[in-house]
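There are 2 protein chains.
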Amino acid sequence: MLDTPELPRYKESLARREFARIAAVPDEIEYVRWIRDRSPPRPPVEVGVGDDAAVITSDSGDPLLVTTDAICDGVDFHLAEVGPRLAGRKAMAVCLSDIAAMGGRPTVAVATVTAPVETRLAALQDLYLGMKEVADEFDVQIVGGDSTSWEGALAISVTCLGRGQPVLRSGARIGDAICVTGRVGGSILGRHLDFTPRVREVAELRSKCTIHSMIDISDGLARDLHHILEASAVGAEIDGSAVPISEDAQTLARRTGKSPLDHALADGEDFELLFTLSKEASLTITASPPQEMAITRIGTIVKSGCTIHRNGAPEELPPMGYVHEFR
Amino acid sequence: MLDTPELPRYKESLARREFARIAAVPDEIEYVRWIRDRSPPRPPVEVGVGDDAAVITSDSGDPLLVTTDAICDGVDFHLAEVGPRLAGRKAMAVCLSDIAAMGGRPTVAVATVTAPVETRLAALQDLYLGMKEVADEFDVQIVGGDSTSWEGALAISVTCLGRGQPVLRSGARIGDAICVTGRVGGSILGRHLDFTPRVREVAELRSKCTIHSMIDISDGLARDLHHILEASAVGAEIDGSAVPISEDAQTLARRTGKSPLDHALADGEDFELLFTLSKEASLTITASPPQEMAITRIGTIVKSGCTIHRNGAPEELPPMGYVHEFR
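Line by line, the protein sequences are chains Y and B.
Residue 49 in the working numbering sits at position 49 of the first sequence, and the numbers go up by one each step.
Add 1000 to a position in the second sequence, counting from 1, and you land on the number used in the working numbering.
Because the hints were derived from the structure by calculation, they are not lab data.
Keep in mind that the hints are not guaranteed to be accurate.
Unchecked claim - Examples of chain Y residues toward chain B, derived with CB under 8 Å: (1) 56; (2) 57; (3) 66; (4) 143.
By construction, the Cβ of each residue, glycine as well, lies at the ideal position given by its N, Cα and C atoms.
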């Protein structure tokens, strides 16, 4: 079990994520599938519900990308512990990460803030400054929003628009190398609040090679990999020894008794990129990665199934990770 | 005072709106001003924070319009009384109304739903269907979203994109006629939950005449008029006897002891359009209104001040209406 006394309070609530059960038919996923079945895209929408962002044909230039994310107190952050500035940073960064995961460049964002009626103006200003700091870093303009006061806790919703020829979850091909940026696991120790969305890296990656499929790691490496596999109707073989495990995952593993690899596979909120490309292209970019960041090949796309080699013997890799469950 | 026993429970919470104090410097407005000062738009953004939607230049065709709104349980609706379908309808309609208020046609929308963990899948589906019914009516595609479960109450955020040559709040000219669609006041009795955003009417209006400035009535006729006056740096003279008062405002006035006109001026959430245009154009469109709906001229844009003639003598018309207050 998690050694909660060593963790600040907000991490207790987040710790639930690490042990989220893998429901047979998790409700959030069932909900999204149910919606997707009722929202077949028609022109000018190329891609609707079900990828990291929607894709809308443009009469001129690159398609328009649209994505939205909500984060809230007690689930994605603990306001009393982290303060409004970090909450604002995370709200914006999570959304920009989705545009990066589509291979796009973010352009503008809007945000809604539903805040406790006792919130002070200074706290709302800090929240905005947090969002703006991250937006400014990527030349994204915050062009509108809505603020509401209520008796409930803080909920923030950000919608981001971007441009780019999209890289979808559905483009993985048998034989593709599976790669990941950076190191994963243990983001709960702080990284989940203040990470760098991989916007610049994606631009450089795409200038060097053709990416076939991509997603950002929000729910967990294993679960997000399954999103690619399902969308592409393929399978994967993962080399457990190749997975780039973060120091945080090592630290957390000493407290939880789980293995660092399990944390790397299931924790989520790394906001690194998981993508597939030809083996030849993977050799090029792992040798000369963008922005001097690590890019690691962790496996291969195969016909079906999802297995991981941990200590020689292959075993099934289920979609471990976080799912919002509704009763 | 409001005769609360005659009102369903959700209307009690909404009733606070009717008596919202007019703070000298209301926090929501101060917050938006503070943000606007820190978000000067730069190309391709033509209009950023501060109008009904942002305006982004397009390389081809009409500019892109972007707007976002959040509504939540206990403030904008009472979930236990109205159910998820109406909540969904309102969330979408409020957002489409903003696109209409810019003179645009809505195209796509995304939504986030932050829902109590005990919410059943069927309720989430109903919520989506409510949003979709309204979206379908205007050929708007819901192209993405995010759902989160938490310990708090239901909050919904919708972002809508649209296209159109924008009509801004800032375009009112001295001598303009001030017009309003439909009838206003007392929306709290039910209309605020299930109204028709004036998307079709706006398209027809614009085909017949040039609108100089426009806003939708969400905060209250008087307050929203002040938004136009401030943005356009002009004043207004309103003829109280001309204001088209709804039957709901009459009904509510019998319970509250306030005048029907006060309700019409301050209640808000009518989601009718308030706009200004030349006197000549106003004669044309009041004689031959779009979609067979009433269009009423209620006053004139003047150099400065904001007065209303109730019983002959002019008196000051303050920005009565609803403002989210933070402590």
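Here is how each hint holds up against the structure:
no.: 1; hint: 56; in the structure: holds, 6 Å
no.: 2; hint: 57; in the structure: violated, 11 Å
no.: 3; hint: 66; in the structure: holds, 6 Å
no.: 4; hint: 143; in the structure: holds, 4 Å
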